[in-house]
Amino acid sequence: MASGNNVKALKIERIIFPIFSNDTGLATPGEKYFFPENPQIDNKQIVGIELHSGEGAGRGDLRSFANGKLLTTVNELRHIYLNFVDSDKNEIFENVPAVSIFGRFTFVGSPKQKIFPFYGKIKTRNCYAIIPANTGLTFKDINITLTFYMI
Amino acid sequence: MKPIVRSYLAEVNLGNSAPGNGQNINFQDYPQLRDIYITGICAFSSGQVAVSPSGKSVVPSLLGIAVSLKDIYNMDMIYQYPTFDLQPSNVGGFYRDFVPFELQLTKSFITILSNTGLAANESLVFNIFYVSRKDWPKYKNLYGIR
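Here the protein sequences line up with chains U and L, keeping their order.
The letter at position 74 of the first sequence is residue 74 when you use this note's numbering, and the numbering goes up by one with no holes.
Position in the second sequence (first residue = 1) + 1000 = this note's numbering.
Chain L extracted, bound-state conformation (with noise of 0.2 Å):
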């Protein structure tokens, strides 16, 4: 695992309503999170995290859920990939780490494989590990970038 210079726990609330299979829910805007590169990720279930920072509940199972990041250029850089193994817990304690890439989170989002177990109003919560844009030059060699 690479070195975590910073992080920040964003949350994706999955609405008013219970969500439907194969909806996609984007990620709200968080000014912590623009101008960023994205080193690694961590998603959460309730088992783990029971409460979000802002009191929602914590979805009780990740397995029906699959996320996607865009880079600055909308390219799909993580493309549906399964929720349930961003969770260290069930990976051998690990978080994912990638090449670091520059993120648009507000073109980022969830997608609803199964809806099984999931209700209104509960949120997933992912813990996003990045470095600035401002700080890349200093910190770009950490992960192992000229």
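Okay, chain U solo, but in the shape it has when bound (with noise of 0.2 Å):
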């Protein structure tokens, strides 16, 4: 049984997901960015969850443009909020500030993000980015990508 932070992943799975609208290219706020439906991680024991991002703004780990598709920037992820629901449709998760498991370190002088031990399951097409009202950012073909550690 899992105990403390030192559970070993034996399967790791990347997603990535759009969070605009494919009329406008815009992400509105208060709408649900579904993630896509993967079987690989659906009802599977998560361990871990870690969030990318793109360069820019902030400081990146991967960059923007892979696959053609562009990421966050580490200060929109200051505005984004994802959560993560189970096949019941119980939010597990709920409202996690995207920054928060974003792994490297965020801003020049603070460290590291640690991985952290999100312990469910959860069913991925349930699960949803959601931005808030106020933001003041204009988000444009804008994608987020998510590690998930599994056992």
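Just so you know, the hints here were simulated from the structure itself, not pulled from any lab data.
Remember, predicted model here, so these are calculated numbers, not experimental data.
Wrong hints could be hidden among the right ones.
As the list claims (entries may be wrong) - Facing chain U, according to a computed beta carbon distance under 8 Å, are these residues of chain L, among others: (1) V1005; (2) V1049; (3) A1050; (4) S1089; (5) Y1095; (6) R1096; (7) F1098; (8) V1099; (9) P1137.
All residues carry an ideal CB built from backbone N, CA and C; glycine is no exception.
The task is to assemble the complex, starting from two chains supplied on their own in separate frames and drawing on the hints.
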């Protein structure tokens, strides 16, 4: 049984998904942007979740134009929340600030984040990202990418 | 850091006027955070989280704010803890975990030690890690409790 943070992941899976409308290319505050369905993650025991960010304002850990998809910048992560939902539609991790699970140090002088040991099973199609009102930023053609550590 | 079985983002709003030094502000009631064992907690300033889920600006600094958490017996389990040290980016990327206890959120509060830089209607956001009372027997061994 897992205890403390010494859980070794046996499988690692990364996903990427858009947080914009196909019509406008823009993200709308309050709208839910659902994760893509991923059977490799669904109902598997997750032991950690990490988010990655592109370059730009703040310090990224992944090139923005990988696969032709533009990734969030660290500054944009400050305005995004993630909700992880199980197959019974229970929100098990609610409004997780995106920047709080970003792996690299966020700004010069701050330490590298640890991988937070989120422990549970999710249904990817029920999970979503959301941007609150009053962000003051325009999100255009932005994608979020997350890595799930599983046993 | 112990596993995170459930998490919920709680918000404490400073109110319609700028908070005074020494002022206590209680957490509001969140149905999701009733009948729970709290296992850990994080706090965030605007450098990490710009806007709360309800659209409020997040406080720019945690230096003048302490938090006190009570259990269901009104005992001060965490008393006047500096919220600055609850922000992972300030403490090596870790979150603070502790021996779980049954949280009484509505009697828990923040204390404004210094209102420098704080303004009306700003919010302080806490990510609270917990296990519900009904799930506690299933998960308690994750926290070293038999």
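Grab the minimum C-beta distance from L/A1050 to chain U and call the hint holds if it beats 8 Å, violated otherwise.
-> holds (4 Å)
Holds or violated: is there a CB of chain U closer than 8 Å to the CB of L/R1096?
-> This hint is violated: L/R1096 lies away from chain U, its Cβ roughly 12 Å from the closest one there, beyond 8 Å.
With 8 Å as the cut and Cβ atoms as the points, is L/V1005 at the interface with chain U?
-> holds (6 Å)
Status of the hint placing L/Y1095 at chain U (closest C-beta pair under 8 Å) | holds (7 Å)
Under the criterion of a CB-CB separation shorter than 8 Å, is L/F1098 in contact with chain U as hinted?
-> violated (13 Å)
Using Cβ atoms only, decide whether L/P1137 comes closer than 8 Å to chain U, and label the hint accordingly.
-> Hint violated; L/P1137 Cβ to chain U Cβ min 14 Å, cut 8 Å.
Let me know if the C-beta of L/V1049 comes in closer than 8 Å to any C-beta of chain U, holds or violated.
-> holds (5 Å)
With a cut-off of 8 Å on the beta carbons, see whether L/S1089 makes it to chain U.
-> holds (5 Å)
Per-residue hint verdict: L/V1099, partner chain U, C-beta under 8 Å = violated (13 Å)
Violated hints for the displayed structure, listed by number in ascending order: 6, 7, 8, 9.
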